Amino acid sequence: MASFPVPGSSYRGPAPEYAGFRASQPLVRLPAAGGGRCWVATTHESVRVVLDDVRFSRAASYEPTAPTFPGLFQAPPGMIISLDPPDHTRLRNLVTQAFSVERIEAMRPRIRQLVGELLDRAAEEALEGPVDLLGKFTFPLAIIAISDLLGVPAEERDTFARLIREFAAVDAPEIAAAAGEKLGEYMAALVFGKMNAPGDDVLSALTQVRIGDDRLEVGELIGLGYTLLGAGGDSTACHLASSILTTLGQDIWVRLGEHPEEVPAAVEELLRWITLSTNDTTGLPRIALEDVTLFGVTVPKGDAVFVSTNSANRDSAVFADPDTLDFARVGEHLAFGHGIHRCLGAPLARIELVTAFEELTRRFPAARLAVAEEALEWQQADMNHRLVALPVDLHGKWS
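The opening position of the sequence shown corresponds to residue 12 in the working numbering, with each subsequent residue numbered one higher.
FYI, nobody ran anything at the bench for these hints, they're computed from the structure.
Do not rely on the hints blindly, as some may be mistaken.
[To be verified] Capping the alpha-carbon separation at 20 Å, the derived lysine to any residue pairs in SDA-like fashion look like this:
(1) K408 / Q390
(2) K193 / M90
(3) K312 / A328
(4) K193 / S158
(5) K312 / A43
(6) K312 / G47
(7) K193 / I222
(8) K312 / E166
(9) K408 / D143
(10) K147 / H396
(11) K193 / G210
(12) K147 / R173
Bear in mind that the values here come from a model prediction, so they are computed numbers and not experimental data.
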């Protein structure tokens, strides 16, 4: 039997074993690679059920007696993604006041300006040869956008970006721990600066939100700051790079350039189809607070349960011919999660992805991958499927 994490995942889809799990084991018990065992929800329905069931606790995964899984990223305790209600409810209600859809929507002109500036530079470089769209476009776009949202000074963006990548190094716990500590120090200084001199940014707004006498504590502000910076920067950049790789040189690339009104639907299908996480799950265990019987099996109290949103997004019970990209598809993907922990940054990610595809396909209809796909390198032992570089011939004349 396969062990968790199941090997074989790529940006093109989850590990092949998940197809068999979905057919017969919506909630499958697997031996863990580092010892012990865990459960994985594999279908669209089972993922939603587990995420909605309060008997599965995120907070309990930090108890000394909870099972551990070496090699997997686990967010620090106390962060919004590490809490259960009512602590999570309180934090989410406060955060939502500042991190509103209206505030994110107001960033749309800035995102379009940023995309334009980055692509102007890329177009100039492309006159001399292929351009690394990962280093010159997807990462700068994501990092600058989330930095603008949080009010991170321009001169500190590169430092934050480097620390975030080191923090996600699941195969180097000492480096990850050092980066997490340094990131906390940087974010603490930023938070105190916003408290003393608020600006027009989300982090400043978070220092001001109130519900009655309740407000966010300094530690909560620090945790929220680098949660948003990490998720909003790294994940968006990796997904955008894989989406570009998926569509480059295809008929859909040209069509989207000619029909920008179709871009939002295409982005949703790419969110469903692209596999972002290398272990095919959120990587965040939930602990059964009691014996829980679901889908014909009983998860014993104290066992860890992971949810595979990658597998859920390939569930044929919800998506017809799920392994095929269908840009006319209708269906609710789970790329941003589900329930109380659904990604706060989803509206910003959508704006970035849609704007990036609108401009890339419009400006560079002849763009092609500058090397054979087999020659591309992928970063090893990372929490996301991350290319080392994405060399693209933007004008279609260097290939």
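Hint-by-hint comparison with the structure:
{"no.": "1", "hint": "K408 / Q390", "in the structure": "28 Å, violated"}
{"no.": "2", "hint": "K193 / M90", "in the structure": "17 Å, holds"}
{"no.": "3", "hint": "K312 / A328", "in the structure": "30 Å, violated"}
{"no.": "4", "hint": "K193 / S158", "in the structure": "17 Å, holds"}
{"no.": "5", "hint": "K312 / A43", "in the structure": "17 Å, holds"}
{"no.": "6", "hint": "K312 / G47", "in the structure": "14 Å, holds"}
{"no.": "7", "hint": "K193 / I222", "in the structure": "31 Å, violated"}
{"no.": "8", "hint": "K312 / E166", "in the structure": "48 Å, violated"}
{"no.": "9", "hint": "K408 / D143", "in the structure": "15 Å, holds"}
{"no.": "10", "hint": "K147 / H396", "in the structure": "18 Å, holds"}
{"no.": "11", "hint": "K193 / G210", "in the structure": "24 Å, violated"}
{"no.": "12", "hint": "K147 / R173", "in the structure": "15 Å, holds"}
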